[in-house]
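Residue numbers (my numbering), protein chains in the order written: chain A, 1 to 423; chain B, 424 to 674.
None of these hints come from the bench; they were simulated from the model. All C-beta atoms, glycine included, are put in the ideal place defined by N, C-alpha and C. Some hints could be false.
Residues from chain B that face chain A, not an exhaustive set, calculated with beta carbons under 10 angstroms [claimed, not checked]:
hint	residue
1	Arg475
2	Asp477
3	Arg500
4	Ile505
5	Ala519
6	Met528
7	Ala534
8	Ile670
9	Asn671
A few chain A positions that, by computed beta-carbon distances, are all more than 12 angstroms from chain B [stated by the list, open to error]:
hint	residue
10	Arg23
11	Ser26
12	Pro83
13	Glu105
14	Thr215
15	Thr297
16	Ala360
17	Ala363
18	His372
19	Glu383
20	Thr385
21	Ala386
22	Lys392
23	Glu400
Using 30 angstroms as the maximum straight-line C-alpha spacing, the simulated DSS-like pairs for lysine-lysine come out as follows [unchecked claim]:
hint	chain 1	residue 1	chain 2	residue 2
24	A	Lys384	B	Lys576
25	A	Lys326	A	Lys384
26	A	Lys384	B	Lys590
27	A	Lys384	B	Lys550
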Amino acid sequence: MTVQSKLPLTAAETALVDQFGTRVGSLPGNANVVQIRDRAIQAIKENGLPTRRVEAWHYTDLRRLLAGVPADDPAADAADLEPVLSDAVRFTLKNGRIAATGRVESVTVQSMADALRADVSGVSLADHGIIDATGLINAAFVTDGFVVQVEDGAEPAHPVELQSLHDGGQAHVRNVVTVGEGSRATFFDRQAGSDAAVLDTAVTELKLRKNAEATWITVQETGEAATHLAQMNITLDENAKLTLFVVNLSGKIVRQEINADVLGEGADLTFRAVNLIGDDAHCDITLSLGHLVPNTTSTETVRNVVTGRAQGVFQGQIRVDQIAQKTDAQMACNTLLLSDDAGFSTKPELEIFADDVVCAHGATVAEIDHNHLFYLMARGISEKTARGLLIKAFVAEIVEELADERLIEALETRIDRWLEAHG
Amino acid sequence: MLEIKNLHARIAEDGTEIIKGLDLTVKPGEVAAIMGPNGSGKSTLSYILAGRDDYAVTEGDILYNGESILEMDPAERAAAGIFLAFQYPMEIPGVATMQFLKVAMNEQRKARGEAELTTPDFIRHVKEAAGDLEISMEMLKRPLNVGFSGGEKKRAEILQMKLLQPKLCVLDETDSGLDIDALKIVSDGVNSLRSPDRATIVITHYQRLLDYIVPDTVHVLSKGRIVKTGDKTLAHELEAHGYADIINAAA
Ligand SMILES: Nc1ncnc2c1ncn2[C@@H]1O[C@H](COP(=O)(O)OP(=O)(O)OP(=O)(O)O)[C@@H](O)[C@H]1O
Ligand SMILES: [Mg+2]
Numbered sequence: 001m002t003v004q005s006k007l008p009l010t011a012a013e014t015a016l017v018d019q020f021g022t023r024v025g026s027l028p029g030n031a032n033v034v035q036i037r038d039r040a041i042q043a044i045k046e047n048g049l050p051t052r053r054v055e056a057w058h059y060t061d062l063r064r065l066l067a068g069v070p071a072d073d074p075a076a077d078a079a080d081l082e083p084v085l086s087d088a089v090r091f092t093l094k095n096g097r098i099a100a101t102g103r104v105e106s107v108t109v110q111s112m113a114d115a116l117r118a119d120v121s122g123v124s125l126a127d128h129g130i131i132d133a134t135g136l137i138n139a140a141f142v143t144d145g146f147v148v149q150v151e152d153g154a155e156p157a158h159p160v161e162l163q164s165l166h167d168g169g170q171a172h173v174r175n176v177v178t179v180g181e182g183s184r185a186t187f188f189d190r191q192a193g194s195d196a197a198v199l200d201t202a203v204t205e206l207k208l209r210k211n212a213e214a215t216w217i218t219v220q221e222t223g224e225a226a227t228h229l230a231q232m233n234i235t236l237d238e239n240a241k242l243t244l245f246v247v248n249l250s251g252k253i254v255r256q257e258i259n260a261d262v263l264g265e266g267a268d269l270t271f272r273a274v275n276l277i278g279d280d281a282h283c284d285i286t287l288s289l290g291h292l293v294p295n296t297t298s299t300e301t302v303r304n305v306v307t308g309r310a311q312g313v314f315q316g317q318i319r320v321d322q323i324a325q326k327t328d329a330q331m332a333c334n335t336l337l338l339s340d341d342a343g344f345s346t347k348p349e350l351e352i353f354a355d356d357v358v359c360a361h362g363a364t365v366a367e368i369d370h371n372h373l374f375y376l377m378a379r380g381i382s383e384k385t386a387r388g389l390l391i392k393a394f395v396a397e398i399v400e401e402l403a404d405e406r407l408i409e410a411l412e413t414r415i416d417r418w419l420e421a422h423g
Numbered sequence: 424m425l426e427i428k429n430l431h432a433r434i435a436e437d438g439t440e441i442i443k444g445l446d447l448t449v450k451p452g453e454v455a456a457i458m459g460p461n462g463s464g465k466s467t468l469s470y471i472l473a474g475r476d477d478y479a480v481t482e483g484d485i486l487y488n489g490e491s492i493l494e495m496d497p498a499e500r501a502a503a504g505i506f507l508a509f510q511y512p513m514e515i516p517g518v519a520t521m522q523f524l525k526v527a528m529n530e531q532r533k534a535r536g537e538a539e540l541t542t543p544d545f546i547r548h549v550k551e552a553a554g555d556l557e558i559s560m561e562m563l564k565r566p567l568n569v570g571f572s573g574g575e576k577k578r579a580e581i582l583q584m585k586l587l588q589p590k591l592c593v594l595d596e597t598d599s600g601l602d603i604d605a606l607k608i609v610s611d612g613v614n615s616l617r618s619p620d621r622a623t624i625v626i627t628h629y630q631r632l633l634d635y636i637v638p639d640t641v642h643v644l645s646k647g648r649i650v651k652t653g654d655k656t657l658a659h660e661l662e663a664h665g666y667a668d669i670i671n672a673a674a
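Isolated chain B, as found in the complex (with noise of 0.2 angstroms):
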């Protein structure tokens, strides 16, 4: 599903290479936890699956369903199917949320020539996944992320998520934020979305998450590059004795 080959990507701004040569392969129905120190490039990589054009490929390839996705834009991947659920959601005043979410599936339904939504519609769809969510009504009624809390931004990306149904999901540490319930509600939130076609990503610090989540291999991500692959138990591995053993082993 998602095949990342010898990917080299710097900052576009003043060339400083934060990816160095990484290799991933996801599978379909796979979960694939990357763990990694701070700064090893966890987020980088999501922002660049997500096409964020801060950084700038400069050797390898992504290949998503056999087909490079380099040249298209962010609006463009998502429409593929590709979802990055983001570390740190941005607020943005003054677009309303119901406004966002209801643009955000027209325009995935129209790029996939789908027809629109009916108002009605679209409200069933928000009104169930905010339920599953435990999200109110009313905190969808204001500007996206303006004034959520930590936790409840990070609701607020599941429930994209969960509307907007993408093939592949990205999750940048959904569980930072989250108290112990909220934790529960979301990792159940993206397993009802596991399925044989769709691949899921999680990138998180903690086994805590992975408990919920439950991963069909763990990638430890170091200075750029993937460093080691395993099974779940890496993570405990890596739980009990930190990232130095494997990190010195590798280089």
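Extracted from the complex, chain A is given alone in its bound form (with noise of 0.2 angstroms):
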């Protein structure tokens, strides 16, 4: 994929260079690190920035999306950020730089800056390969992030809520998180800043041992002036139970990536997305699972509210290897439009080599559903409120679904104020 290095460096580009250039001396790593730091911003120099003619970015241009790139500001100051539950252990991290940790039995936490300057095993700065930008510009700009081990057997007392928060310029976070052999942890993914311009890449290895049960829960809630890159890189040993939930609720443009490689038989990913967009912002939810084992379940369920001019994307690829026999996947994108100029692009890919599979997938694109509309309004009930209590139940279905009823109502309470402000 060379298609793009006969085209001269974007604005966007040239600064990602440039300040490469000034910034290397003082990002954390040892030799080893500093090399693989070179070879990322070395290829986003030759081949660019991905667009539509890659694969992969087809719905997300991110070179002619990305207009610039504002300067790291170290001196940056992002107001503190409340934890989604209140009993949950913040480890936070401002525009890229630890802030404040916590303290959670049973679970050890280290600064991803000292393993980057160490060599601890586990953790890399991996991408994968020249179209994976926000691998590439994590990879080569990365300044922090946690390193947490939940130990075997254990089952933390308290949620553990990375915070990724930043008020302009650069924040670049990868968190590695290893769940041990038959332990079960709740997690927090918050990304959060002011309007500012920020360029924001979070990249997030997650591990589930043997028998280990885990709930993961990102909230993304940047400004409206955000570029968040984010990426998450999950393996599944065996019996190991994921619940993945994604929330977006705003940013300017959001690209979420998703790789997950279920890995141990008896595996089972519970994934579900709820992504609100509104103005003129662009949501990009790019998910790739590989079944590699027989007998692995999953579920993919993702709900869309577009309005304004904003732009939806859900692109899930399901791999299906040759010997993943019994695998039953199941994948449904459904969005609401709210608006004419609203759209949402879908795409599905199912890729199975094994024959004795159950594997579905299904999308829908549709507006509110007008009779619904005249039933609550003949009952009196204005068109705002109706609108918004079938906006909420369309999306609210799947955030019920969720076991803990704090965790059910906080979430409501999030999509409640994006109603008020946008439906």
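The two chains are supplied separately, each in an independent frame; assemble them into the complex guided by the hints.
This is the structure in structure tokens:
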């Protein structure tokens, strides 16, 4: 893929290359890490940011969308953020630098910067090749993050909340989270910031060991001028169970990549996403899920509400390996369009090489059912309230699958707030 | 209370005229029955009264308490006291029935400048009305009308009517789908709302319902017009002889 190599660098690409030149000396990491960073920026310089001609970025032409890159602002002081649940323990980064760490019994937490200076096993700046803009930018610029290990057989009494906050500039964060054998844990992954322009990348490696069970909730609430490029690389070992819930509530350019490999028999992934996309935002969820061994299951449900001139994207790829018999994977993407100028692109993709599997996908794009609207209004419910009820019903169906009432309430409060502003 | 004058209405989408010069007057305290063959426009009339925008009024007027309601949206009409019990109540997944009832009651109160109901008051009202209609509170925990049987949906409509206390009730084939016992229960529910300041329009095909909810006037709707008006004996006549004679005589 060198189609773009002849194109002149855009302002954003030039800024990335130039800023790397001035910052590389102060970025954490040993010689090995510096080499990886060099290689990453070199790949961007030579190939440019991906355009729509790169299949994985077809609906998110990053080269066109990313108009510029604000300078890093190490002095920026982002506002503190309350945890989603009051008993969660916060581990906070502000503009990519650790600002606060907590303590949770049977969980060890280390600084990513420290890990990059030493040679810590399992910690790397690996990317997914030259089209992996998210991984490459993050590898080049990452300043810190958390390396989290939940001990084997542990059930931490408090959720771990990882926060990446910013107030303009840049924030490049990499977290590595391992849930030990037979452990059960809940994580929150927060991205939030002011309305100042920011380039924010977040790469998370999440590993569930044998028999581990985890709930991971990503709540993305970046500001109205934020570019947020996120990537999760997930592995599930034998009988591991992951509930991954992603809520996108704001941001200007949002790309959330999820690469999950189901590596152990009996493992299950429950993936849910709610994308509320308004104004002129662009929000893309790109999932690539590999069922690589027999007897594994997954369900993927994505619900989108799009309004204003916003554009949404869901690419859902499910790969079933030849040996992965008895895989059961069910994917659905449903979208509610609230305005004529809003749009949503869905691309489901099933690559199935085994014969004894159950895999299905479905996608719908609809407007608010005007019969439903009439019924509610005929009971005296004003149009705005009635629309709000119907939109909320559409996303609440999957929020309410969550087991924890407090969590449902916390997410629904955020959904209500969004509806108040955009509904 | 209600005065429909030379009403003409079309399907907004394709312009087909369904209501073709309809006149009807209903006084306070009156129960008016509307009968007529399938496809004559009974449900269409009820939708137009409720303000459904799939239909465009092209001529004539609808006066409610002396004022035209044509410019009012469905929510405003409901707040003003107009209630339609649907022939086919809609299932709305994801909207909890109790939440819906509470929002509806409070929005109407708000529109009328009254204070919101407290939760205990709300629950008390619902329990009382549901008890009268033999609706279980279990059923009300489900999403609105989702998975309700045909008869349960009809009862739920009357429950809403009892809670919202409208002034003009339009019942579109509320009897269809009800078993014999339910017909009695629902009719009692409707009769309990009869009062000198409240009017009811009962759309039905069957005398059976009119034995319970005895009408003051009976109107025959055919091809978008009222072609005959009489008292309750007209319904018996229709039951015995069908519509043919009356419609032919009017044509
Ligand atoms: N939205 C619509 N689109 C197309 N046709 C319609 C629409 N609404 C009504 N009609 C047509 O208008 C006519 C009147 O329908 P309506 O439902 O009012 O009849 P009805 O008298 O209630 O009949 P029934 O006794 O079967 O309930 C029918 O021919 C129907 O098909
Ligand atoms: Mg009808």
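Results for each hint:
1. Arg475: Holds, about 5 angstroms.
2. Asp477: Interface hint status for Asp477(B): holds (8 angstroms vs cutoff 10 angstroms).
3. Arg500: Since the shortest Cβ distance to chain A is 8 angstroms, the answer is holds.
4. Ile505: Holds - the Cβ of Ile505(B) comes within 10 angstroms of chain A, reaching about 9 angstroms at its closest.
5. Ala519: holds, 9 angstroms
6. Met528: holds, 8 angstroms
7. Ala534: Holds. Min distance 7 angstroms.
8. Ile670: violated, 30 angstroms
9. Asn671: violated, 36 angstroms
10. Arg23: holds, 48 angstroms
11. Ser26: holds, 51 angstroms
12. Pro83: holds, 28 angstroms
13. Glu105: holds, 38 angstroms
14. Thr215: With a cut-off of 12 angstroms, Thr215(A) remains clear of chain B, as the shortest Cβ separation is near 22 angstroms.
15. Thr297: holds, 25 angstroms
16. Ala360: holds, 20 angstroms
17. Ala363: Answer for Ala363(A): holds, closest chain B Cβ roughly 18 angstroms.
18. His372: violated, 5 angstroms
19. Glu383: violated, 6 angstroms
20. Thr385: Thr385(A) not clear of chain B: closest Cβ-Cβ about 6 angstroms, inside 12 angstroms.
21. Ala386: Given a closest Cβ separation of 7 angstroms, the condition is violated.
22. Lys392: violated, 8 angstroms
23. Glu400: Check fails; 9 angstroms does not lie beyond 12 angstroms.
24. Lys384(A) / Lys576(B): holds, 25 angstroms
25. Lys326(A) / Lys384(A): violated, 46 angstroms
26. Lys384(A) / Lys590(B): holds, 24 angstroms
27. Lys384(A) / Lys550(B): The given pair, whose Cα atoms are some 28 angstroms apart, holds under the 30 angstroms limit.
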